[in-house]
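Student: Chain by chain, the residues:
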Amino acid sequence: MKKWMLPFLAILCFVVESIFVDLWPKNDLYIDYFFVPRFFLVFLVFTAVYIGKMRAMIYGFIFGLLYDCVYTELLGVYAFAFTLIAYLAAKAMKVLYQHWFIACLLALFFITVLEFYVYGIQLLIGRTDMPWQTFCSHRLWPTLLLNSAFLLVFSYPLKQRLVKIKRLEQEH
Amino acid sequence: MPQFFLNKRLILLLVSMIVLVALIGFSLKDRQLTWPEQFLKDTTGFVQLIFHKPAQLVAGFFENINDIKNTYKENKLLKERLEEYVTLEAQVQTLKKENENLRALLHKTESLRDFIPIQATVIGRNPERWRETIIVNKGEQHGVKKDMAVITPEGLVGKVQHASQFTSTVQLLSALDQNSRISAYVQGKENVFGLIEGYDEKRRELLLKEIPFDAKVKKKQKVLTSGLGGIFPKGLPIGEVTKVEPDQYGLTKVVYVKPFANLYDIDDVIIVKRKIDETLQEKEEAE
Numbered sequence: 002m003k004k005w006m007l008p009f010l011a012i013l014c015f016v017v018e019s020i021f022v023d024l025w026p027k028n029d030l031y032i033d034y035f036f037v038p039r040f041f042l043v044f045l046v047f048t049a050v051y052i053g054k055m056r057a058m059i060y061g062f063i064f065g066l067l068y069d070c071v072y073t074e075l076l077g078v079y080a081f082a083f084t085l086i087a088y089l090a091a092k093a094m095k096v097l098y099q100h101w102f103i104a105c106l107l108a109l110f111f112i113t114v115l116e117f118y119v120y121g122i123q124l125l126i127g128r129t130d131m132p133w134q135t136f137c138s139h140r141l142w143p144t145l146l147l148n149s150a151f152l153l154v155f156s157y158p159l160k161q162r163l164v165k166i167k168r169l170e171q172e173h
Numbered sequence: 011m012p013q014f015f016l017n018k019r020l021i022l023l024l025v026s027m028i029v030l031v032a033l034i035g036f037s038l039k040d041r042q043l044t045w046p047e048q049f050l051k052d053t054t055g056f057v058q059l060i061f062h063k064p065a066q067l068v069a070g071f072f073e074n075i076n077d078i079k080n081t082y083k084e085n086k087l088l089k090e091r092l093e094e095y096v097t098l099e100a101q102v103q104t105l106k107k108e109n110e111n112l113r114a115l116l117h118k119t120e121s122l123r124d125f126i127p128i129q130a131t132v133i134g135r136n137p138e139r140w141r142e143t144i145i146v147n148k149g150e151q152h153g154v155k156k157d158m159a160v161i162t163p164e165g166l167v168g169k170v171q172h173a174s175q176f177t178s179t180v181q182l183l184s185a186l187d188q189n190s191r192i193s194a195y196v197q198g199k200e201n202v203f204g205l206i207e208g209y210d211e212k213r214r215e216l217l218l219k220e221i222p223f224d225a226k227v228k229k230k231q232k233v234l235t236s237g238l239g240g241i242f243p244k245g246l247p248i249g250e251v252t253k254v255e256p257d258q259y260g261l262t263k264v265v266y267v268k269p270f271a272n273l274y275d276i277d278d279v280i281i282v283k284r285k286i287d288e289t290l291q292e293k294e295e296a297e
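Residue numbers (the working numbering), protein chains in the order written: chain R, 2 to 173; chain H, 11 to 297.
Next up, chain H with everything else stripped away, as it sits in the complex:
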C-alpha cells in the first residue's frame, strides 16, 4: 500500500507542475484580466486600503519630522522663485488665451494635449520586486483603462498595466519591457522623435532609442511624450537629456534621459485620460 500512496503523490505533483506551466503560459499572453482575478484584486485592494491608511499615517509623521529640518532653506529658495513665477504665470495666461482664439479661428477645438486627470493613491506594491509595480485605488469604474499614462506632478512615472473594477496595477517606467514602448520627442527648434525603450539601472536613466543619426540632440534638452502611438496625451514631461551616444550598430542614436519624477518614491499619482478619446466615445454613443 505505501508504494501506491507514494505513486499517487508523485502523480499529483506531476499534474500540478503541468498545470503550473500551462497557467504561466496563459498569464504571459497579452490579455485582459479575467473576472475572478479582478474580484480577488478588488477584495484584496479593499483590505489593503484598511491596513494602509494607519500605517501611512505613522510613517508620514516621521517623514514630516525629517522635512521640518530643511524648511528654512527651502523657504528661502521658494521665496526667490515666487517672483519669477508671477511673471511666468501672466505669460502663460496670455499664451493660453491666444492659443484658444487661434484654435477657435481654425474650428479645431480638440487637442491631443488635453486630458482629464484621475487622482489615485498607492495602496500596495509588489513585494517580490521582480517587476516594479504599484497598486492604486482607482479602476475601470472610475474610467481607468489599460495602457493609460500615469504621472506625478513632476512627470511621467508609468503606465496602467491592468485595470480591474476598483483597483489597477501600474507598471513603473523603471520596469519597462520590450512590449511597452512609449513614443516621445526631444523638444528643440526641430522636435526629434524616438521611442522610450528600457531603463539603465546603473545610471538610473531611461533609454530613448530609434533617434535618427543626423538628429541634433543636446544635453539638458527636455523629453516629452509625443501622443502619437496609443492613448498617451501629448506633452507629458518625461525627463532631461544627459548623454547622447550612437547605438551598437551605429545607425541610430541612443539618448539617456534622466526622469523628472522620482520613480521609486511614489505616494499619490494622477492617471491621465485623454480628452480626445472621451469625445470620440461620446460621438460613438450618440450615433
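Chain R on its own, in the form it takes in the complex:
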C-alpha cells in the first residue's frame, strides 16, 4: 500500500492538470489568458528535492512521454524537458539548502524555464506566431500566478507526504 503512494501522487497530479483546464469556467478570462497548470512539474521538483535524483528522472521521463502522447502529440518535447529538469533540480539541491520555501521557488523557476522552452519549440515549428510581449503578459504571468496559488495551498502537505515516504523507505 505504502509502495503505491508515490506513483499515485504522480498520476493524480498528471490527470488533475487536464481536468482542471476542462472544468475551469470558460469565461473571457479563460479565452484571453492562458492559465496553464503545471502541477506535475511541481510534484517532479519536490520529488527531486525530497526523494532522490534517479527516481525523479524516471518519473519525469515516463510522465513526460505520456504528456507528449496524450496531450500534445508532439513526441519527445516534454519527455526531454521533464527528465532534464528533474536532473537539474536534484543537482541544484546540492548547492541549496533543503527547505520547503526554496523548493517552491525552485519549482516556480523551472515552470518559467519550461514555458520558455515550449514557447521556443512552438515558434520553431511554426505552430504559433505569438509575439514575445503577448507571451509574457498572457501566458507566462498567469501561469506563474496559478501555480503560485497551487504551491501556496498544496506544497506543504506535498512536502510532508514525500518526507514521510522517504522515511518509510529508509526504515525498510
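Okay, derived cross-link-like pairs now, DSSO-like style, lysine-lysine, Cα gap no bigger than 27 Å in a straight line:
1) R:Lys27 <-> H:Lys212
2) H:Lys148 <-> H:Lys39
3) H:Lys148 <-> R:Lys27
4) H:Lys268 <-> R:Lys27
5) R:Lys27 <-> H:Lys253
6) H:Lys156 <-> H:Lys219
7) H:Lys212 <-> H:Lys263
8) H:Lys83 <-> R:Lys27
9) H:Lys232 <-> H:Lys268
10) H:Lys230 <-> R:Lys27
11) R:Lys4 <-> R:Lys54
12) R:Lys27 <-> H:Lys232
13) H:Lys229 <-> H:Lys219
14) H:Lys63 <-> R:Lys27
15) H:Lys263 <-> H:Lys219
16) R:Lys27 <-> H:Lys79
17) H:Lys268 <-> H:Lys83
18) H:Lys293 <-> H:Lys244
19) H:Lys148 <-> H:Lys293
20) H:Lys229 <-> H:Lys212
21) H:Lys18 <-> R:Lys54
22) H:Lys232 <-> H:Lys263
23) H:Lys118 <-> H:Lys285
24) R:Lys95 <-> H:Lys18
25) H:Lys232 <-> H:Lys199
26) H:Lys18 <-> R:Lys92
The set of hints was computed from the structure by calculation and includes no laboratory data.
Mind docking chain H on chain R? Use the hints.
Tutor: Quick look at chain H alone, frame taken from chain R:
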C-alpha cells in the same frame, strides 16, 4: 575520472537532443498514430474517465445553482418560442415527406446530408493549450475515423485529429491550422462556396476565404458545411456572417463568421459519420 564522467553526460545530453529533434520531425508528419501511442492514450483515457466523473459532478452542481437564477426569465422566453415551434415542426414534417417521395421518384436514396451520430463525452483537455484540443471517450472501435466532423447541438465545433481505439482527439475550430480547411457555403438565393481557413482570436470569429469577388454575401446569412471535400456531411451549421471585406490582394473576399456553437465550453459532443460512406463501405465488403 571526473572529466570523463562530465563528457559522458554531455554526450548523453547531445544524443538526446538529436533524438528529440528527430522525434519532433516524425510527429510533425501527417500520420496515423502508432499502436504504442494509441495504447498509452487509451489507458490514460480510462484513468481520466475515473477521475473526471466525480470532478464533473461537483462542478456541475455549482453550475446548476447558477442556472437556477435565470430560470424564470428563460422559461418565459421559451414559452413564447414553443408556439412558433409547433407550426415549424408541422412544416418540417411535410417537407421531409415530400423530399422522401421526390427522392424515391428519382431512385436516389443516398444523400450527403444523412449522417449517423456518435455521442461522446469530453474526458480531458490539452492543459498547455498551445493547441486547443479535447479528448473524447469514443474511438475507432465505435466507428470514429480521422477528420470526421464534431458538432454540438448548436453547430460545428471541430474535427477529429487522431482516433485511437477507445478515445480520440478533437481539434477545435479555434485551433484550425493551414492544413485543415473546411469546405463551406453561405446560404442564400445563390449559394456561395468558400473555405474556412483560420480563426481571428480578437473577434473570436472564423474566417471564410476564397469567396469570389463578385459574390453577394450579406450580414446575418448562415454558413453551413458543403460536404464537398473530405468526409463532412452537407448542411452542418457553422455560423453567421458578421462582416465581409476584400482580402489583402483584393482578388477575393474574406467573410467573418461568428460560430453558433461555443467553441470553448464543451462537455458533450456528437461525432458525425456520413451515411454515404457507410453504404459505400458495405458495398465494398459485399463484393
